[in-house]
Amino acid sequence: MISYEFLTTQKIEEALNYLDKFSKVHILAGGTDLLVNLYKESPRLPDFDYLLDISNIPELKIINSINKFIEIGPLVTHSRLINEPLIKNNFPVLMEAAYTIGSTQIRNRGTIGGNIVNASPAADLLPPLIALRAEVELTSRKGKRVLPLEEFLAGPYKTKLQANELLTKIKIPLLSDNYYTDFQKIGRRKALSIARLSLALVTKIDEEGIFQDTRVVPGSATPYPQSLPVTEEAINGISIFQINLEEIGKITSNEMVSITGERWSTPYKKPTIAVLIKRALERIIKEAKTNE
Amino acid sequence: MVYSKVNKPIIRVDAYEKVIGKAKFAADLYFPNMLYGKVLRSKYPYARIVKIDIEKALTCPGVEAVITADDIPNNEFGVIVQNQQVLARQQVLYIGDGIAVVAAETKEAAAKALGLIKVEYEELPGIFDPEEAAKKGAPLVHSELENNQVVHHRLRKGDTERGFAQAEVILEREYTTQFVEHAYIEPESLVAVPYEHNTLVTIYGSIQNPFSCRNAVASVLKVPLNKVRIIQNHMGGSFGGKDEVMSSMAARAALLALKTNRPVKMVNTRDESILESYKRHPYKMKYKVGATKEGKLAAMEIKCLADSGAYACQTPFVTWRSVVQATGPYELPNVKTDTYGYYTNNVYTGAMRGYGSPQIIFAQESLMDELAEELKMTPMELRLKNIYHNNSITASGQKLDNHQVSLEEVINKAVEASNYKDKYREYSKPQSGDKKRGIGMAISFRGCSLGAEATDAAGAIVAIQRDGSILISCGLAENGEGLKTVFTQIAAEELGVDIRRINYMEVDTSVSPESGATVASRSTILGGNAVKNAAHQLKETLAEIVAAEFKIKTNNLDFKNENIYEKNKNQKIISFDEAITLANQQGIFLSVYGWYKAPDISWDEENGQGRPYFTYVYGCQIAEVEVDTATGQIEVLKMTAAHDVGRAINPACLKGQIYGGVMMGLGYGIMEEVETANGYIKNTNFDEYLIPTVKDMPEIIPVIVENPDPHGPYGAKSIGEPTLELGAPAIANAVAQATGKRIRHLPLNLERVLLGHSLSKGGTKK
Ligand SMILES: Cc1cc2nc3c(=O)[nH]c(=O)nc-3n(C[C@H](O)[C@H](O)[C@H](O)COP(=O)(O)OP(=O)(O)OC[C@H]3O[C@@H](n4cnc5c(N)ncnc54)[C@H](O)[C@@H]3O)c2cc1C
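Protein sequences, first through last, are from chains A and B.
Under this note's numbering, the first residue of the first sequence carries the number 1, and numbering increases by one thereafter.
Under this note's numbering, the first residue of the second sequence carries the number 1, and numbering increases by one thereafter.
In short, the hints are calculated from the structure, not lab data.
Predicted model, so just to flag it, every value in this text is computed and none were measured.
One should not assume that every hint holds.
[Said to hold, decoys possible] If you anchor each label on the Cβ, the simulated ranges turn out as follows: (1) Arg270(B) with Val257(A): 46 to 56 Å; (2) His757(B) with Val257(A): 13 to 23 Å; (3) Pro599(B) with Glu41(A): 52 to 62 Å; (4) Val146(A) with Arg270(B): 17 to 27 Å; (5) Lys142(A) with Lys695(B): 13 to 23 Å; (6) Lys259(B) with Ala191(A): 42 to 52 Å; (7) Val257(A) with Asp271(B): 26 to 36 Å; (8) Glu105(B) with Ser42(A): 49 to 59 Å; (9) Val146(A) with His757(B): 42 to 52 Å; (10) Glu506(B) with Val257(A): 33 to 43 Å; (11) Ser42(A) with His757(B): 23 to 33 Å; (12) Ser42(A) with Ser428(B): 32 to 42 Å.
[Unchecked claim] Here are some of the chain A residues that sit facing chain B, going by a computed Cβ distance under 7 Å: (13) Pro85; (14) Ile186; (15) Arg189; (16) Ala191.
From the three backbone atoms N, C-alpha and C, an ideal C-beta is built for every residue, glycine too.
Turn these sequences into a full structure, and let the hints steer you where they fit.
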């Protein structure tokens with residue numbers, strides 16, 4: 001049995017004060033990761049004396065469009081990501097990923113902030129968010145800092161969040177019109193399914209049909225989600241009319257294995273990650289061609 | 001025959017209380033002064049217990065009692081073989097074995113006390129593969145036995161050597177199936193109350209078979225049966241799973257309740273449930289089949305090895321059903337079948353919906369498709385050439401001459417409802433793209449009820465009260481399938497009264513007539529007959545009273561619409577209520593016991609010949625799938641399930657059985673597996689043990705076929721288990737058509753579909 005004191009507040013200021021004043025405070029948002037860990041007494045849980053419930057802070061639930069960025073409060077639930085026009089219209093890839101998370105109940109409770117800070121290798125929002133070049137705003141009594149999400153992640157279930165910090169915003173730069181996105185996920189069943197493998201693709205296709213600024217981020221493929229620069233470079237500069245999908249698939253497979261080494265699951269993941277990148281590219285190419 | 005109450009989809013009699021949340025399940029029960037019991041389970045799959053130190057736990061605040069095997073009058077129980085330990089005495093034999101059990105004021109105190117019990121183990125090298133266990137000189141799981149064999153059943157018909165010599169095509173194949181969990185939504189739970197109502201101990205619980213539970217508790221306590229009372233609560237599912245594991249829990253709780261003289265509640269967590277409870281047997285099956293070029297089966301040789309785990313539990317009977325049905329419903333002049341059960345240090349295995357049939361049907365129906373391919377025939381053609389018809393002789397030498405053998409009808413109806421023929425043709429053509437479709441069928445015959453396993457009889461009380469309201473109590477227990485509703489309909493039909501007159505009682509072993517276990521899809525056919533018999537006796541009693549009063553012949557009376565009519569004039573004579581008043585005035589007793597004993601059967605254990613079951617049901621399921629051949633994902637698009645049930649007493653409940661059975665079959669086929677590694681269970685909760693969700697549910701088309709059986713109440717037979725046994729092979733056959741690759745091992749998970757073999761953290765396994 002893990003015992004702790006329960007703290008709750010409706011104000012960011014007060015939450016930051018708690019984080020500053022007390023040591024060993026753990027933050028509770030939707031609780032869909034945390035409560036499972038509590039029940040299991042998971043070794044992943046840090047040692048803590050206080051549980052700080054932030055779920056009643058209205059400011060952390062806002063979605064806004066500001067200065068070429070969409071800003072998402074960390075308490076925005078997966079269900080809201082699916083239904084919010086600002087997300088749907090600008091980042092369909094995020095919506096698609098959110099839609100594959102858990103079940104209706106989990107999507108109604110689980111939050112984007114929790115998904116990020118929990119930093120699971122299988123977290124479904126991480127690949128699209130990294131691919132979208134999302135940034136996280138971290139706030140403490142001492143001030144704010146902003147980090148690219150990819151840099152914020154420090155390992156499986158590890159981030160660079162400081163003990164006195166709160167994740168207060170996720171900022172995603174808007175994409176120009178000639179960007180295309182896709183999300184692919186394989187699970188063992190159709191719902192309540194942790195990704196066996198997933199992949200987010202964000203890329204620009206210029207007027208000549210040339211890939212540029214490609215971002216490829218798989219999930220459940222590497223110890224924690226990270227982009228695949230070799231694959232991205234292999235795609236950049238190639239025309240949608242000439243791209244050799246088989247070859248790209250191979251490059252992606254090899255890049256994944258170069259990161260993970262041969263693991264028990266490699267015989268399955270190596271061929272299927274090639275399939276996911278191919279499918280993502282195929283879908284985007286088709287869309288680009290119909291847009292012409 | 002037109003019925004007014006049976007053959008109708010009436011609302012379940014227990015629906016309302018469940019829907020509004022009023023129904024009490026065992027975990028909802030609270031008694032004054034109640035304690036909470038918790039079990040300390042083993043750390044190792046196989047170990048000698050050197051020492052158990054409970055001193056510290058006893059002094060833990062709130063702890064009232066700690067019991068170990070030394071405190072138990074008779075530590076070993078079992079329905080067939082009495083070798084299951086209530087608590088491990090000298091050795092733990094599997095990872096779920098209990099070692100000590102604590103009763104405390106709170107769950108938290110009980111949990112804390114468990115941490116204070118010190119157990120010193122000497123770990124032993126266990127045996128985890130039934131093939132290893134079968135070897136001469138293998139280490140013994142039960143040291144008092146000569147070898148690890150639990151059971152061996154034989155069946156010999158004709159001469160297989162000659163049969164194979166005549167065959168033009170011979171195939172030999174091996175198939176395996178996995179451990180699966182029942183996954184009932186409600187984990188095991190009960191409360192034991194000492195010295196209540198003149199019994200030693202009363203147990204309220206989620207108990208599938210109250211009488212088996214009573215036998216176990218009484219034998220463990222070494223007291224007569226009439227000192228132990230079991231009252232069944234509403235069940236949150238069971239599927240065969242709440243038998244021995246509940247008996248064990250009941251015995252532990254009873255011991256604690258008697259020791260403390262206080263009620264003791266025990267509720268397993270999901271992890272405890274998956275760790276301790278028995279599973280469906282994994283089978284390793286070797287099939288050899290010979291046929292002529294025209295596709296007539298000439299001979300079959302079958303060897304099945306079942307992993308019994310640490311205890312015998314139901315293995316002797318599970319493997320017996322397998323030996324009877326292993327060939328499938330095909331005429332075969334020459335058959336040689338051997339089924340074996342072996343002890344290992346894996347989690348023990350027992351009854352689970354299907355009971356020895358899902359495994360062999362997966363093998364035999366996969367084999368038929370493989371043979372059809374070899375013979376360049378369609379799977380349907382090959383089956384139709386060999387299936388049972390009226391007067392066919394089964395592998396056990398039984399002539400099927402006392403009921404309609406409706407396999408062909410069932411196949412044809414499923415084929416029509418699924419548009420099988422067109423789709424089979426379409427999907428046989430080359431398909432472009434990664435996603436490929438296939439359609440597959442599986443058929444079965446299934447013996448109804450227990451067969452030659454055990455005595456087969458059931459009883460019911462139907463009691464008309466002074467005001468004409470009616471109570472029914474039967475020894476068979478509602479497991480969620482709709483038994484109460486079906487029995488109520490039967491009584492109402494027989495007496496010609498409204499359903500609302502009837503109140504169906506929970507099973508109470510001190511009141512209800514002992515009827516054996518609620519297993520083997522036997523309730524409707526056995527219990528239904530008992531209820532019908534009781535209601536019929538009452539009807540005769542009332543008919544005599546009315547006939548005498550109105551000077552009409554008894555056989556000219558008709559009980560319907562809450563009244564009694566003169567049949568030939570179709571004229572109402574008296575209302576049912578008035579008839580009851582008349583009986584009351586005359587001092588006539590209106591409570592009766594109904595009894596039904598199943599028709600005689602026979603079995604020769606030496607050669608597996610006889611009449612193992614008194615009747616059979618027939619089913620055909622057809623699966624249509626889409627396989628993503630690049631990722632290994634299977635989408636089951638549609639399942640068509642045609643089942644001859646004799647008569648559908650309640651077509652709505654029956655469809656419920658079909659939908660549920662099909663889904664369980666789907667889970668068994670493509671995703672469910674209790675993963676074990678050297679006796680440890682890797683997935684002990686639903687985050688890792690995956691069962692299908694509502695999103696995985698395909699379109700399901702139930703086709704009810706009715707050929708009334710002379711032995712069934714209103715012709716009704718069975719449906720519970722047949723619905724589950726066909727899904728996995730039908731899906732496997734559909735996947736094979738779609739991919740051109742045959743998978744002979746369940747489940748057909750992503751890795752098997754893509755790579756042909758499974759992967760696990762411990763390395764590659766079959
Ligand atoms: C049944 C089930 C199915 C699931 N399926 C999926 C799935 O398909 N895909 C998937 O990706 N995930 C899945 N999850 C995991 C989970 O739902 C998500 O990761 C969810 O987004 C977590 O959000 P939360 O608000 O519930 O986090 P919480 O559990 O409240 O918190 C998670 C972690 O983040 C920290 N945290 C939360 N918010 C902040 C903040 N603002 N600042 C600093 N730290 C913070 C907490 O301290 C904690 O360490 C599933 C979970 C369950 C129980």
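Quick rundown of the hints versus the structure:
no., hint, in the structure
1, Arg270(B) with Val257(A): 46 to 56 Å, "violated, 36 Å"
2, His757(B) with Val257(A): 13 to 23 Å, "holds, 19 Å"
3, Pro599(B) with Glu41(A): 52 to 62 Å, "holds, 56 Å"
4, Val146(A) with Arg270(B): 17 to 27 Å, "violated, 42 Å"
5, Lys142(A) with Lys695(B): 13 to 23 Å, "violated, 46 Å"
6, Lys259(B) with Ala191(A): 42 to 52 Å, "holds, 46 Å"
7, Val257(A) with Asp271(B): 26 to 36 Å, "holds, 34 Å"
8, Glu105(B) with Ser42(A): 49 to 59 Å, "violated, 28 Å"
9, Val146(A) with His757(B): 42 to 52 Å, "holds, 48 Å"
10, Glu506(B) with Val257(A): 33 to 43 Å, "violated, 60 Å"
11, Ser42(A) with His757(B): 23 to 33 Å, "holds, 31 Å"
12, Ser42(A) with Ser428(B): 32 to 42 Å, "violated, 50 Å"
13, Pro85, "violated, 26 Å"
14, Ile186, "holds, 5 Å"
15, Arg189, "holds, 5 Å"
16, Ala191, "holds, 4 Å"
Comparing the model with each numbered hint stated earlier shows that hints 1, 4, 5, 8, 10, 12 and 13 do not hold.
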